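K.L.:
Each chain, letter by letter, is given below.
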Amino acid sequence: MHKAPLAAAIFVTVAFTSAGAEDSFPPVGNATVKTECSACHMLYQPQMLPKRSWQAVVEGLAKHFGEDASLPPAKTTEVLDYLVANAADAGRSGSKFLRDLPAAATPMRITETPYWLRKHRELRPEIWKRTSVGAKGNCQTCHQGAATGDFDEDRVRIPK
Amino acid sequence: MRKPLTILIALATTMFAGATLADPARDAILAKFAAEAKAADPGFTGFSAARGGAFFRASQTGGSAETPSCTSCHGAAPQDAGKTRANKAIAPMAVSKTPDRFTDSDKVAQWFDRNCKGVAGRVCTPLEKGDFITFMAGQ
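Going line by line, the protein sequences match chains V and G.
Using my numbering, the first residue of the first sequence is number 1276, and each one after it goes up by one.
Using my numbering, the first residue of the second sequence is number 315, and each one after it goes up by one.
Hints were generated in silico from the structure; no laboratory data involved.
Everything numeric in this text was worked out from a predicted model, so none of it was measured.
All C-beta atoms, glycine included, are put in the ideal place defined by N, C-alpha and C.
Hints are supplied without guarantee of correctness; some may be wrong.
To be verified - Between beta-carbon pairs, the in silico distance windows are:
id	chain 1	residue 1	chain 2	residue 2	range
1	G	E350	V	L1392	30 to 38 Å
2	G	P356	V	G1409	47 to 55 Å
3	V	G1409	G	G357	26 to 34 Å
4	G	A423	V	A1380	35 to 43 Å
5	G	T439	V	R1432	43 to 51 Å
6	V	G1409	G	T375	26 to 34 Å
7	G	S419	V	K1435	39 to 47 Å
8	V	T1423	G	D414	18 to 26 Å
9	V	D1427	G	A423	39 to 47 Å
10	V	R1327	G	S362	45 to 53 Å
11	V	S1407	G	D420	45 to 53 Å
Next up, chain G with everything else stripped away, as it sits in the complex (with noise of 0.2 Å):
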């Protein structure tokens, strides 16, 4: 049971050296997108920040009219606070300025369910979870 995990953890660490900031229970959480993403595509080579950024910059369609994309609320910086639309502040996204942003993985699976679908009407994809985290553990 624990081997799989840690390979699985080494193999993700392995993959993302250098693109992000190291927390293992992160690692943890990209390690099991990466496993979802080559589940549901064997070419799966690994996660890119820069598509990450471009996901996250992206106008979408299906999802609610007044969040057509994640910096409608986040702000287009992810340094920066965002504000949700009853006017609260979201601490940043970016890593270096929350660092325990992606850390706790029902956190994860709950924001990205509800957020995918009122932006974008669906749920996401592993690799655009994926993708999404790691761009953000090098901002």
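Pulled out of the complex, with its shape left as it was, chain V reads as follows (with noise of 0.2 Å):
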């Protein structure tokens, strides 16, 4: 009598955890990063590159994609904690995004990692040429909640 909806219960709640682990990323919770790394490109998750990657990043900030996106000292140093502390190997579980990197791979693109390749090898490659999409990097394009961290496959739209 009590055991259909404790198995729903149960159900929904692994079906739900399962999904915010795999398609979801907490917000990012630091305003200097969120204003600083934004305002030329889409917010990216710290939890898609490990520590490695951002400490690159952060020390190639004065030639960034061809971009001087230096900022001053504190600023610096309290993004580059911020995106080490929420890396892709922080923490005791680690990210997928891990997954097949080489130990010895230092990565400088999300879109570079094997875990996004695979997630995308089933794209035309015409579709990255479109003026729609823009670049591999503007996630939002076809993820459109990719601000705030949703990745979910099943609300991925990709426009013409």
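With the hints as a guide, bring the two chains together.
P.N.:
As structure tokens, this is what we get:
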């Protein structure tokens, strides 16, 4: 009599938790990171790259993908500390972005990670050339909730 | 400590009256650049919106090949939104459209520092920065 609701509750909890762990990221909780790292591009989640990548990215801000994105020393430290503390290899479990990533590799782009490449391999190369898509780094073009950490595959809409 | 600043602000306000949309924070930033411009050149007589507009539109060498001008990202019309190389919108530079432009001195310093290097391959002079803000405040 009471078994069905309990089973349903467990099912809902498990389904919800696994979907959350798989496709969503916590919101960025540092105001400086939010402002500075989203001034020119989407606010990328720190869980998508390992600590060593964030160190290299922040050290190279003066030549950041062709732009001078340097920050004053205090902000540089604050941003790096937050990114490292929330990196893919921070914490106990580790993010799925570590999957198949060689220990010697220091990817400078999220789109270079084996996990990202695997998740996008079925897309035709033509898609990335569309002006509506712009570039691989414009996550929110297809993942509309990307800026708030929602990457659920069911909500992907690829523009024409 | 307070008095020279007050005098500077008063001086700046007089100098730029009519040319800019008034904002105490922006006036203070302009006053600081005016003092620096005066220190660099005793013949400095004030900022020029016309010079600032020409600087905004000018094609520079020495910076990144992809961004030879302020307009490369900000667009030709200060009243319109620009676009970063990563495809993100930039709020219009014109103060009439984005009223809080040039009111945060740290932000002003940070972005002039980056973008002057990216566009011109060097830091901008106090005169160029003051002219630029004066131009945008009148747009």
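K.L.:
Next, verify each hint and record whether it holds.
P.N.:
Here is what the structure says about each hint:
The supplied range of 30 to 38 Å is broken by E350(G) and L1392(V), whose beta-carbon atoms lie about 50 Å from each other. Distance hint check for P356(G) and G1409(V): the Cβ-Cβ separation is about 49 Å, which falls inside the suggested range of 47 to 55 Å. In this structure, G1409(V) and G357(G) break the distance hint of 26 to 34 Å, their C-beta atoms being roughly 48 Å apart. Between A423(G) and A1380(V) the Cβ separation comes to about 36 Å, which falls inside the hinted range of 35 to 43 Å.
The supplied range of 43 to 51 Å is met by T439(G) and R1432(V), whose beta-carbon atoms lie about 48 Å from each other. At about 28 Å, the beta-carbon gap between G1409(V) and T375(G) stays in the expected band of 26 to 34 Å. Between S419(G) and K1435(V) the Cβ separation comes to about 45 Å, which falls inside the hinted range of 39 to 47 Å. As the Cβ distance of T1423(V) to D414(G) is approximately 24 Å, the hint placing it in 18 to 26 Å holds.
The hinted window of 39 to 47 Å between D1427(V) and A423(G) holds, with their beta carbons roughly 41 Å apart. For the hinted restraint 45 to 53 Å between R1327(V) and S362(G), the CB-CB distance of approximately 49 Å keeps it satisfied. Between S1407(V) and D420(G) the beta carbon distance is about 36 Å. The supplied range of 45 to 53 Å is therefore violated.
Hint compliance for this structure: hints 1, 3, 11 are not met, and every other hint is.
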